[in-house]
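K.L.:
Single-letter residue listing:
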Amino acid sequence: MIEARDVSVDIAGKPIVSGVDFHARPGEIAAIVGPNGSGKTTFLKALSGELAYTGRIALNGRDLCAMKPVETAVHRAVLPQATTLSFPFTVREVVKLGLVGGRSGALPGEDARLPERALARVDLDGFAGRFYQELSGGEQQRVQLARVLCQVWAPVLDGKPRYLFLDEPVSSLDIKHQLIIMNIARDFARRGGGVVAILHDLNLTAMYADRIFVMHRGRLAATGSPQDVLSDDLIEKVFDCRLRVGVLPAGNMPFVLPQSAA
Amino acid sequence: MVDQLIACPVMARVSEGDRSGRARIVILLLCLGLAAAVFLSLTSGASDASAVTVIGGYLFGTVPDDAALSARDSLIVYDIRLPRIILGMLVGAALAVSGAVMQGLFRNPLADPGLIGVSAGSSLGAVAVIVLGATILAPVTAVLGTLALPLAAFCGGLATTLVLYQVATRRGQTSVATMLLAGIALAALAMALTGILIFMADDRQLRDLTFWQLGSLGGATWAKIASVGPIIVTALAAMPFLARGLNALALGEATAGHLGIPVQRLKYTAIIGVSAAVGASVAVSGGIGFVGIVVPHLLRLLIGPDNRYLLPASALLGASLLLLADAVARTIVAPAELPIGIVTAIAGAPFFLWILLRKRGVIDL
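Top line first, the protein sequences correspond to chains A and B. Start counting the first sequence at 2; every next residue gets the next number (the numbering used here). Start counting the second sequence at 196; every next residue gets the next number (the numbering used here).
Honestly, I wouldn't trust all of these hints.
One-sided and incomplete, this derived list gives chain B residues near chain A with beta-carbon spacing under 8 Å [what the hints assert, rightly or not]:
#, residue
1, Asp213
2, Arg217
3, Ala396
4, Asp397
5, Gln400
6, Asp403
7, Ala445
8, Leu446
9, Thr450
10, His453
11, Gly455
12, Pro500
13, Arg503
Derived SDA-like pairs (lysine to any residue); straight-line CA-CA distance at most 20 Å [to be verified]:
#, chain 1, residue 1, chain 2, residue 2
14, B, Lys462, B, Ala449
15, A, Lys15, A, Thr224
16, B, Lys462, B, Met395
17, A, Lys161, A, Gly103
18, A, Lys69, B, Thr373
19, B, Lys462, B, Ala421
20, A, Lys69, B, Val362
21, A, Lys69, A, Leu86
22, B, Lys462, A, Leu52
23, A, Lys161, A, Ser87
24, A, Lys161, A, Gly56
25, A, Lys69, B, Ala354
26, B, Lys462, B, Thr373
27, A, Lys161, A, Ala53
28, A, Lys161, A, Gln260
29, B, Lys462, A, Pro70
30, B, Lys462, A, Ser87
31, B, Lys462, B, Leu493
32, A, Lys69, B, Pro457
33, A, Lys69, B, Tyr463
34, B, Lys462, B, Ala354
35, B, Lys462, A, Val71
36, A, Lys15, A, Gly62
37, A, Lys69, B, Val458
38, B, Lys462, B, Thr364
39, B, Lys462, A, Asn61
40, A, Lys177, A, Gln260
For the record, the hints were derived by calculation from the structure and aren't laboratory data. Idealized CB from N, CA, C, for every residue including glycine.
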């Protein structure tokens, strides 16, 4: 369980996140949505221990402030929006960096094969020998996800749930790979882990999230299940956009929803 | 392991993208290369002294025909060539590993202690001790003895690196342009201050300084090895412990932290280690440039950027290359000798330009 109480973050004297209450339970995908600049990434950075905050964050019952990097790395793995690399590492070498903490939770002797298995899961079979810097943005994002998966390969370790923090994991992906990645997240949660994901696509959010946290101007605007949260009023208030939930386009205008995936 | 790679192609395919096997082979070959370089250095020089005879005499007790000649040869091999070789290996390894660590720390393949002013800062510290050691700094040199010079060079290098890091790094991202330009500014400042000291120096100090600044292993003695050897060996021994952290740092400081690396501690250990190794090298051999950029770059092309292999391989190749450069410096204008810094610069500067040409458009300045 991850619990955040009254968390605020200031950057250069400006309040970016103010008084956010948040929780992520094992077995669930918690989605954070909101317009650009609403403080989603900043809040996730506070949650991952990267930024100083006021308030209280507990990771599996322990105060985040009192944990060392090597300890937090056991409990959660973080996928940033984009990762540039300063040296020509191969894809396999990048994915293997996920094992640097040494607590993947895989069976003894399995660690050596994890990079290949993680790459296969993100649909990058056969990419191990390629150079990371030569891949497309979407492929790089999936390599990073494979690295993150290696870090917390077992969703539960020593009887405690582990967490995936995903910052816009599908932003640069085509629809097929959006579904693959979101299914990996759902699978991770079903096997006892927890997922915290920043998402922009409200349809994907409705389809996968167990609980939605809507952020608006640094504050929490709403929280609850997709059915409770995604309403015409809320979307107009938060996104400043007159949209209506569940209305089919007029005439024969085509539309494609991820929910229709077989 | 060699057999595995050759005899088992299936295995090689399974671990595609894994260059650790190749790295181990390269390290093995580099060990042999270093042994060859040591042998070459031991047996070549302005004098015709035969190292083979001397070592043979030592190992097998064979007595050469001419005892006087044998004593002279023995002196040349043990007291001139051997300390010079050991010092050359220490300095070469220190400079190459420092370059590799600094490049990992700044997340940038162009970082080099010589290019970004760290060596200039070390020089300033060393020159201060040489020129002022008998006057203003007399109490310091009296207490520290032969350690004063390497310590002063260490402090100069440390101060420069810390300032550089503060200036060039914002939120864990180092700007290449800022780093190189700040390095130029810091080097100019250090050189100006060094200039003031040189202005104050007397004739004898002046001659020492000029030769020393060009870089030379010429003054190698067992005493010098005793004073800087422990510093360099300690710094070199500490660096492999940074390898995994530096690998993770290639993903950025935040991500390295997410992976469980104590990033702040890593950075400061690296900065102190590099300053100590560069400071000690500068103190004994002056400004020997380009080793720190050429060696890691060549090795990255061969074995990839994994610091677990890159750091030891850099130490081996740096030591070998410096011995070869020194052999050239000693013999090309024999019986006089060229400062080794000139040799490394003549070979290294065009190489650096070649890197820039290759990376044009890839590195974002």
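K.L.:
Which hints, by number, does the structure contradict?
P.N.:
Per hint list: 2, 3, 4, 5, 6, 13, 15, 16, 18, 19, 20, 21, 23, 24, 25, 27, 28, 31, 36 and 39 violated.
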